[in-house]
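**Student:** What follows is each chain in one-letter form.
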Amino acid sequence: MHRPLSSIALFAALSLSLVGCGGEQAPATATPAGEDAAAAETSKHETRDTLVIGYQSDIGNLISVVSETAADGEIMSALSFPLVDSEFDCSLKKLPGMATEWSWSDDGKTLRMTLRDDLKYEDGSPVTAEDIVFTYDLISDPNVASARISYVERMEETGRPAIIDDTHIEWHFTESYDRDTQMAHASSMALLPKKHLADADRSTLRGHPMSKAPLSYGPWRLSKWEPNNRIVLEPNPHFSGPADWQPHLNRVIFKILPEYSTRLIELEAGNIDMMNAILVRDADRLRTEHPEINLVRRGWRSNDYVAWNLKNPLFADKAVRVALAHAIDVDKMIGKLLTSETGEVYAKRSIGTVTPALCGVHNDDVKPFGYDPEKAKTMLAEAGWTDTDGDGTLDKDGKPFAFTLSTNTGNQRRADIQILVQAQLQQIGIKADLEKAESNAFFDNLREKKFDAAVAGWSAGLFVDPSTIWHCDKEDKSYPFNFPSYCNEKVDELIEKGLHTANPKDAAPYWKEMQAEIYADQPYLFLWWMDEIVGINERFENTQIDVLSATHNLHQWEVPADKVKYKH
Amino acid sequence: MTAIVKKERFIAPPVTKLGLVFPGIGHLAVGEWVNGLGLMALVGTVSWAIIAGLPRISDIWFSGPGGGIALHSVVATFSLVAVTAAIWRAAYRRAFPRVMDDEEWNSNRQIFLRTLTRHRTGMMGFYGVCVLLTFTILAPLIAPFDPLAIDVGPQLEPPGWGYLLGTDDYGRDVFSRLLFGARISMSIGFVSVAIAATMGTSIGATAAFFGGSVDRALMWFTDLLLALPRLVLLLAIVGMIQLKGAKSIFLIVAILGFTGWMGVARIVRSQVLSLKQQEFIQAAQALGFSSQRIVFKHLIPNAMAPVIVYCSLAIGATMIAEAGLSFLGLGVPPPIATWGVMVNDGRGPLRAAPWIATMPGLAIVAAVMSFNLFGDGLRDALDPKLR
Amino acid sequence: MIKYAIRKLILAIPLVLGVVTLIFFLVELSPGSVADKYFTPDTSPEVREMIVAKYRLDDPAYVRYLFMMRNLVFLDFGVSMATEQPVFDLVVQALPNTIILSLVTLLVAFPTGVVLGIIQGVTHGSPTDTSISVSSLAFYSMPGFWFALMLQLFVSYQFGGWLLEQVAAGNIPQFFEMFALPTSGMYNVVEYDYMGPWDQFKDRVSHLILPGCAMGVASAAGTARYMRSSLLEVIRQDYIRTARAKGLRERVVILKHALRNALLPIVTLVGLSLPYLFSGGVLTEMVFAWPGMGRLIITAIYTQDTPLIIACFFIFALLVVIGNLIADLSYALVDPRVKFD
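Residue numbers (this note's numbering), protein chains in the order written: chain G, 205 to 772; chain Z, 5 to 391; chain H, 0 to 340.
Extracted from the complex, chain G is given alone in its bound form (with noise of 0.2 Å):
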């Protein structure tokens, strides 16, 4: 889990889901070949209207092995069919995809596939256990740069996967361990058609004109993609995949509006039927102004922390970061960024970075720290703090306790939490700058640990990974997401027996007792879990959007006759 994509999807300015990281779906492909318009008109199903969505930014690149961000993954995951496919209930479930069924060999080292072999490109050519290979063989590729790389650590060579026969591959990895992550590793990658990039430059992939035109497989094809302007996506007329996989819509636009007062505007005049991550102070007045618009929320999916850098002396102390925690009140916050005027809720306190939606695993037991600041300015008391100059900020040594706190620039929420928890620090004597940088700088900033603190979020991941994130950095920058360079020998075993664990039931008391000893530590001010809402024009049905992804059954949506909106 929270396998982070990359800087942009981490980062991103809202908390879009991470495809890919929750083994969702699968493939995606691109044809360099032109459209064939006509040919939408011979599909086998009735459809009709079209669904609008408003989307923050364009998307990047469509071969799955080098895409970037969440809106990437969205799109892939529309034109492809899932190796297997899932349905998240307090943990993932694995449906048939592509592959019809599994089973895993008693030494818990290898996972056998049964294949579908019915289906086929846009272009008419089968999708093979060839090109399942020839994708992974990307990943593998140092030239390729995949960020995914991580997926095929723990894979052996000859078995990512192996063939057996046109309908059965076998993968091999090289220890047992949690097999959530094993199958998500094997079965969350959009697949590439061999024949098409076999001799293309592996190391300009992202270049490849297939990046801009994707050879489909799934239920979608792309139609049209304007950059900066729309995506269009129409159903794909070749689809060889199960009859209950054919969409019911003429087609769905993505359109591009940076802003988030434009989006919702349009939203509200109707010029767009969907847009994800609605803020809550809109939330309340949507409800009563647009009864059209449907509110959903999809719970638990991101969260937000602020980072404290160990290796900085003023964060180095456990005391310092457990007076800091009793400092600021998230109660507070909650109440002020993510409940609506009517006392409606949409977060939860967070203890760790395993979510909540993950019941049975996140442990209800470790109980948040109250607000407290007289407890606070003990605590730093005894910790060597104290105004001995009388300016209003606590030192020591001659030392006044002052660090930049940092985030990404283009989201509100962050920034919004910078300054509360700097007029809350200062009440105690502490002082924090403010600091913005752009996405990716902020990132490789974090990465090269070069921070004091740092108001950041994860994205959940949808099984427990938590290696990344807590396992001890070492030398060889491994685990490069640790960013406060935390250190504990007894998470680090806790980790490794979770991970170790074949099946995911019975690692939960490790995991459960790996919280508890991180939210100890404090290594970051945990404060939330929080719901993204999402706005809907009511004339959709079928639709099911849920912590997994807002728009992964895109195909079952549908419109009764009497609410059709467009003709085409």
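Keep in mind that the hints are not guaranteed to be accurate.
Stated by the list, open to error - Quick partial rundown of chain Z residues pointing at chain G, CB under 7 Å, derived from the structure:
{"no.": "1", "residue": "G333"}
{"no.": "2", "residue": "P337"}
{"no.": "3", "residue": "I340"}
{"no.": "4", "residue": "R351"}
{"no.": "5", "residue": "G352"}
{"no.": "6", "residue": "L354"}
{"no.": "7", "residue": "R355"}
{"no.": "8", "residue": "A356"}
Because the hints were derived from the structure by calculation, they are not lab data. Fair warning: this is a prediction, and the values are worked out from it, not measured in the lab. We treat Cβ as the ideally placed atom computed from N, Cα and C, and that holds for glycine.
Keeping the supplied structure of chain G fixed, place chains Z and H upon it in accordance with the hints.
**Tutor:** Frame of chain G; chains Z and H shown alone:
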């Protein structure tokens, strides 16, 4: 027209003495409504500061960090006295005008002042700028709340009696923020224009004075920078520096200054070129004065009039440029709020609370417009052709 | 005439080169190592080597500078760091949209400004003059992006929504529907593909109005200011006095004699105002989701995509040079005293 007629026209009718009681009324009584309303607006501002500020003067003075003296509040209090004195002096001057002899009456200074004070829109701008500056200086007395304090009121409260211009999403008072933001916005405008004027004057004067290849090279560079859209140039420079982490208000001011000097350079150059032909400069050269002395003592002072006009117009343009940068998130870092930053903050809640973005925007328009009107007036007054 | 144009173009080359040189130094002097500015941390080692070789990042600055110049001459902008797409393609997709918006704005704003200026000049000193002066100055003093936001919120959403409501309720004729202007984008993303050419045209125009206003009012106001003072200056000339003395009607005096000469300096303004238009366009494109160069350059700056930044500046400089050329040529065209030599 004879000089006597002019002097008689300048003698005030008795009714202007009303202004001694309430500045402005005297002007209104003789039909000078721009001056009258302008003075009355200033009096209003000052009274506001007195009514709002004096009852809690000790709180305001000792609102510094850790309960210390807040210097800006003390400055504000003394400015209050100064501004009041200035207002009454203006009213007194209207009621008891000085009688001038012909020489003084026809001096450049008096002609300039007369033309300017008769320029109606120019004076509107002048009073606009004055009122704005007064508000800015007296902000600590007038502002009902601490501009940085969160939770002084409910979140997103619409404008009303308690919160004149409403509150923002942290429950901060928009009106107080606007007042304190004016200080930053205006300072940025003034300081960067000062930088730009200094640079432009030296470059323009150098180019014109030395002529030849120095002139060509400097002017080529000037034209080059003029060719690029300023915002794009600003974006590139600020972006490249700031996104790497360096961020401060001084950086913004400096960069705004360094991208704004080209107009000044051109004006100064053409002025100096024509001055160079005049006898007094040639005389100075003949006397063997150093280049430095000629440039700084003779050329530049005589070339300043159009520069002043240009600068008064440039302040507005600079404020708009700063707002544009802020809009892209490249402005001054929080919690300092310039008007541009405030508009930017208001974009998110534009539908929920339109006033957060609207009010600072209107303030920008009012300020920039005042500067532009005043600049126009200055230009007309300084331009001998139009007198 | 063609010779004149060519000569002007050749004279403009140093300007473009100068702009590119400037931006080269900006990149060179900004914090961080030069090599890092041409790839992201995720760039694969092989690509890294390739880019280093291609842009000679190991070489001294002057060598890199010469290579950049050579590449620009062949319109080889390199590959975007963020997307690894050829920068040329990105620019080609965005540029026409910006040109459409700027040109249409210019073509509407300019005559409007001229007409307002004439009205002011003729009614010099009257309340009409003052009120136009003050109101156009108000528009001139407005931050364009703020005006854009206000247009979106109050004109498009609130006024437009009210209109549509009234039309739906039958209170006002359907005709008024066309005054409900769209909030964003270049065209209706859903219906546009299925419209006839006439409807497509109408749709495009309706999408142009608000962004055009946001960008154009300032230049219309500016033009009006210039036009007014230019006309006033001309009216003061002796030949106008002569024309009046001959007993010509005021209308004829203004339109036939004064206007022609007053317009001369204004014509140059058209070309010269291009950079200002683009400047305003950057922010307007953001607000109205217009897929043009402004969006491209902002993305480039945010992602520190050096090749894209350089290309955008190069294009801007080219456009400015073309603007200047148009200004020169049009001036020569309308003023018989200027000869093409």
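**Student:** Report the numbers of all earlier hints that the structure fails to satisfy, in ascending order.
**Tutor:** Hint 3 alone not satisfied by this model.
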